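A.B. asks: Sequence:
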Amino acid sequence: MHGQGSGITGAGSGIGRALAVDLAARGARLALSDVDRDGLEATAVRCEARGAEVRTDQLDVTEREAVLAYAAATRAHFGVVNQVYANAGIAYYGEVAREEFKDIERVLDVNFWGVVNTAKAFLPHLIDSGDGHVVAVSSLFGLITLPGQSSYSASKFAVRGFTESLRQEMLVARHPVRVSCVHPGGIRTSVARSAGVADGLDPDSVARVFDRRMALHSPEMAARTILTGVRRQRARILIGGEAKLFDLLNRVTPIGSQRFWAWYSRFLAVAPRKQAS
14 MHGQGSGITG AGSGIGRALA VDLAARGARL ALSDVDRDGL EATAVRCEAR
64 GAEVRTDQLD VTEREAVLAY AAATRAHFGV VNQVYANAGI AYYGEVAREE
114 FKDIERVLDV NFWGVVNTAK AFLPHLIDSG DGHVVAVSSL FGLITLPGQS
164 SYSASKFAVR GFTESLRQEM LVARHPVRVS CVHPGGIRTS VARSAGVADG
214 LDPDSVARVF DRRMALHSPE MAARTILTGV RRQRARILIG GEAKLFDLLN
264 RVTPIGSQRF WAWYSRFLAV APRKQAS
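First residue of the sequence shown: 14, per this note's numbering; consecutive thereafter.
These aren't lab readings, by the way, just hints derived from the structure by calculation.
Treat the numbers as computed from the prediction; the structure is a model and nothing was measured.
Please note that the accuracy of each hint is not assured.
[What the hints assert, rightly or not] Ranges between beta-carbon positions, derived for each pair:
(1) 66 <-> 269: 47 to 55 Å
(2) 244 <-> 264: 19 to 27 Å
(3) 71 <-> 267: 35 to 43 Å
Every residue, glycine too, gets a C-beta built ideally from N, C-alpha and C.
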């Protein structure tokens, strides 16, 4: 990874920041992007402190022309782009009956179309590099489903399908581009605390449930696992023992696992929004 040009979306916090800092320590040249300018600059400072060459772009991955410009600017700046980490994403909790169409569309726009925009924008440059790699971050909920996660799971299953098909296309065409899909388990990031929720639900309750029941691993551990998988050219990268266990359960008994998750969700109950007094 030393000397390679690497683009990272969602680099302003969480897994994206941890990836950037780890890659900086490995000598990568970094094109960092995030919608959060302050978070992005804080990440850049950490990477530069490790001696990395860094450029930053404030970027909304749903804005296709902006993503295309980001990819082109990265190629122009570094001369070559070897890796792109399509990491930007948002969380959302709500039952289908409660969700607004606009909220479902927003989740899909960021989590799925953000990956599509990023992968397509960088793909020609990765092919030209002769040694390219697309790394798309899905989720544990791109392998299993839970009540209240219909929109989020749909977006993450879509990322999985898109990247697996893209990988096959690269193999058939014999392009020098590897493709990996990442499925993190519970990672301690700000995503849950900033999650959107359906009308009538308490966002603080969503964050508390995630922190108590699911936030098992640090972003730094996630980044190390991802980069090990990238180095080993893994098509699927599972982060955390729970991700591996639940993936196995789902493959062994897909229908039975749905019943299990429906039962287990009772222990993840989210409180209704408190009424103003």
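A.B. asks: Evaluate each hint against the coordinates.
C.D. replies: Evaluation of the provided hints:
Distance hint check: the CB atoms of residue 66 and residue 269 are about 51 Å apart, consistent with the given range 47 to 55 Å. Checked against the hint of 19 to 27 Å, the C-beta distance between residue 244 and residue 264 comes to roughly 25 Å, which is consistent with it. Between residue 71 and residue 267 the C-beta distance comes to about 42 Å, which sits within the given range of 35 to 43 Å.
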